[in-house]
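Chemist: Build the complex from these two chains, which are given one at a time in their own frames, with help from the hints.
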Amino acid sequence: MHIYFKARACIKKYEFLFFTLIQKQFILRYRRTLLGYLWNILNPLIALTILALVFSRLFGQDPREFAIFLFSGLVAFNFFSASLSIGSTTFLMHHGLIDKVYVPKILFPLTVITSAAIDSFLVFIALLLVMFFLGSPISLSLLVLPVSYLALIIFTFGLTLIVSITTVFFRDFQQVLPYILQSLFFLSPILYPKTNFTDPIMSLILNINPISVYVELFRAPINEGRVPDLVFFYYGFSYGLVSLAVGLFIFLKCKHLIICRL
Amino acid sequence: MASIIIKNLSLSFDTQRIKSNSFKDLFDRTISREPRQEKKILSNISLNIVAGDRLGIIGHNGAGKSTLLKSICNIYEHYSGSLKIDGNIAPLLEVGAGFIPELTGRENITLYCAILGLKKNDVNELEEEIIHFSGLSDSIDQPVKYYSTGMYMRLAFTIATSIKPEILILDEVFSGGDQNFIKKGKERLRQLMDKAGIVIMVSHDLLTLSNNCNRVILMKNGSIMEDGPTEKIIALYKSEAA
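Residue numbers (our numbering), protein chains in the order written: chain L, 1375 to 1636; chain V, 3 to 244.
Chain V with its partners taken away, still in its complex shape (with noise of 0.2 Å):
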């Protein structure tokens, strides 16, 4: 059974460093003798996610909702505390960021698809459903440089959505694309979403949350402030923001 059991979890960024790394600034730094600036995304996360959880997560923007995500991903390993994750995890965190544009649709199917942890044989099974879903059949052995935004974000979604995770995490899913094939990848997300054994998903869509998650947390500069029912988080959020 799939689970995730997060302890006491922070995540600093030594914001300085990212800032500019120049041997005039760590003059700088050394002579004016400041403690290191760290500023801390996360603090002190308690979490535990079961199987079957529908978890949706809320909150402004900079709360660390994406960076939990990551986290749980283990995109970001230089957390303290602990994490411990049951099953296989396939991210949706900014779709089609991964892509490859001087490689062709169908190359970066491959790409992607091996990303997540998927074998030669299956994916070739997989390419020809994800060419018809997105609808790309023409444009597929082109790069992908040359499609529009749409195009790019129908192919994303569709490998994304292609494979069968049991932890399955969402991040934005649907920006870009028309009307017709969001109602089309819904409806294919929500098959994802029966299959997988817990789904967790950061939205600023209220309605999308409250129609797929059992449970809701509220983050506040990066710490969980609320955790509880769907409706009762969304209406605490509701009355805080007016």
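One chain only, chain L, in its complex shape (with noise of 0.2 Å):
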């Protein structure tokens, strides 16, 4: 009970804060640009059509349902990735910060995160209306998704809370993680059905993959049309919890260091 109520002290403390630092990003990121915020929007359309119009030729494909395909996994795989690369960042970042005042160290991995969040549902929003366009099926679906991404971001926030504490004692960290993101996203079914596979090891690494999970949930009502299996539901929120549940003990015991490090 005692803890309750000091955790709610803390928050109405914070919360202010909390919603400065989300504001702060946005306006550091497009401040001085003539698009603004849509370029939030066009770096992964551009992205998209590029990866569309070369690996539907590769593959064979219509181009269209290609580009509805693949965009259904990268929704996922985005928002994992941007999350991942700005979190092991965000205390070197805030170093002038935490050198100076008491700050709750969970705020910085808790404001990258709902950043990101709110970043990809925007991009998704939009996106969305470019898929319509291209011919995805519109279903009842779709009211799903909040669930899907409930469970990318629980799992994505445990590893984020991770990778921040990491790059704090490993620097090197760092430079490896770019290439940690591009081999999972290649080793993740996004650019190719999971199916495409029958080479023994191949078929075992995108089995584990946890992202393939998460590319299932997005998937099945955006590309498909129809409801995700139940049991991706289910594996989606056990890699979740598991994820937190490591991420938080390896971030509460090594919260108080962080300071002697930076």
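What the hints contain is simulated information worked out from the structure, not anything from laboratory work. Do not take every clue at face value.
[As the list claims (entries may be wrong)] Computed footprint of chain V on chain L, listed as stretches where at least three residues anywhere in the stretch have a Cβ under 8 Å from a Cβ of chain V:
no. : stretch
1   : 1383–1392
2   : 1397–1409
3   : 1475–1486
[To be verified] Anything over 10 Å on all C-beta distances counts as not near chain V; from chain L, calculated:
no. : residue
4   : 1437
5   : 1466
6   : 1471
7   : 1472
8   : 1523
9   : 1560
10  : 1581
11  : 1619
12  : 1620
13  : 1629
14  : 1630
15  : 1633
16  : 1634
All residues carry an ideal CB built from backbone N, CA and C; glycine is no exception.
Modeler: What follows is the structure, encoded as structure tokens:
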């Protein structure tokens, strides 16, 4: 009970700082650009177009169909990768602040994941309109997406916590992370369906890779207009809770040492 | 009532790791089997500060003054011993170090106030007052990276002194800023100090200390050497330096 009241008082005290930090991130990113926030939607749209044009030819598929297929996987992966890469530098970036005044450390990864979620959601809405135009099925199963998002956010938040701490203690990790993310991109069924591989090693990787689950949670409703099998939700939330538990454990163990390693 | 109770507070940093964390050094350290080198910055500090105290801290560079302040502000959390604080703290450490250069003065006001734990409504109220006192109404919507040192300092000082904490912590506040502003600022600081329950200040300016403090501690190599009334400790410090 005591902890609950303490946590509530803490949230109340830092609520405004939390929103200010999120707002600040948005302001800083697009200040002085001509298109402003529009870049947030243009960037993934351009990347998607390039990937769709090249790989639809390679796989001999209709570019429009392939674009929808690709988009459904990229929604999940882009959110995941953006959170991790921004999360890995968040403590280094806010060094000046942390060194000056007490702020609950968990506020920084929380800010990262929240702004990434807002970004992702806005892009998602905008691009979904494009996808409808390209012939994506419009069905009630799209209503399941908030649940897909929730599972993905829990999973990503756990890893963001780990990554944010890891970079503080091992700066090399900042250099390694892009390669990890790139490998994950190719080892997840984003550019291709999971069933494309008959090679045992590849299918094993695709089966144990948690990203596959989240891709499926987005792909079924967006690309195929159906609700994903329940088992994927089960896996999605299980991976999520494990990641969150491990992330919180590591974070709470190390958070008071962040300041001496910055 | 505001109070600070510190018991046997010690704090050390692992100096080797801060210097370098490469595999080579890690290897060297493992091979040579040297014990981990921990540099003790604070050792066994015990201090009771009660409401009404105006505490000055003096000592040579590297004596641990700022580290002690940062521990009191809960910025360093890896200490041993115990630290109990009643009352809300506003730290004024290295004024302005938390500004984000890309943001405008106005946006930095909001951010800074939020960091110090204020609510949205309070910030709106304070904003005009801050802009007025700092005399920056012409440039408040420019990014602070275009500010001169003096402007920067004026804004930082005004923001930091515009909230009214129970425990006020000051670390060498006036560096930069013109005479005019320093005079104005000292007056403002005095008002703020009158309202605060506890004031702790670090300064090399002994005159400021004797004007404002009723108690001074002298620190040396991370420990408190002397603790007593202002004039006595300052005289001691002077005789030691001579």
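Chemist: Give a verdict on every hint.
Modeler: Each hint tested on the structure:
Only residues whose C-beta sits within less than 8 Å of a C-beta in chain V count toward coverage, and the stretch 1383–1392 of chain L has 4 of them, enough to reach three; the restraint holds. A stretch counts as covered by a chain when three or more of its residues have a beta carbon under 8 Å from one of that chain; for the stretch 1397–1409 of chain L and chain V the count is 4, and the coverage holds. Beta-carbon proximity to chain V at under 8 Å applies to 3 residues in the stretch 1475–1486 of chain L; the threshold of 3 is reached and the given coverage holds. Remark: the non-interface label on residue 1437 of chain L is consistent with the geometry, its nearest Cβ contact in chain V lying 40 Å away (cut-off 10 Å).
Residue 1466 of chain L, annotated as away from the interface, keeps every beta carbon of chain V farther than 10 Å; the closest lies near 14 Å. With 10 Å as the threshold on Cβ separation, the claim that residue 1471 of chain L sits away from chain V is violated: the shortest Cβ distance comes to roughly 5 Å. With a cut of 10 Å on Cβ distances, residue 1472 of chain L falls inside the contact zone with chain V, its closest approach being about 7 Å. Here residue 1523 of chain L stays apart from chain V, with its beta-carbon at least about 27 Å from theirs, past the 10 Å limit.
Once the 10 Å rule is applied to beta carbons, residue 1560 of chain L is consistent with being away from chain V; the minimum gap is 28 Å. Against chain V, the non-interface label of residue 1581 of chain L holds: every CB pair exceeds 10 Å, the least being about 35 Å. For residue 1619 of chain L, the requirement that its beta carbon stay farther than 10 Å from each beta carbon of chain V is met, with the minimum near 23 Å. The non-interface label for residue 1620 of chain L is consistent with chain V: the shortest C-beta to C-beta separation is roughly 22 Å, beyond 10 Å.
In this structure residue 1629 of chain L is not separated from chain V by more than 10 Å, as the shortest Cβ-Cβ distance comes to only about 8 Å. The claim that residue 1630 of chain L is not at the interface with chain V is violated, since a C-beta of that chain comes within 10 Å of its own (minimum 4 Å). Once the 10 Å rule is applied to beta carbons, residue 1633 of chain L is inconsistent with being away from chain V; the minimum gap is 6 Å. Residue-level check failed: residue 1634 of chain L sits 6 Å from the nearest beta carbon of chain V, not beyond 10 Å.
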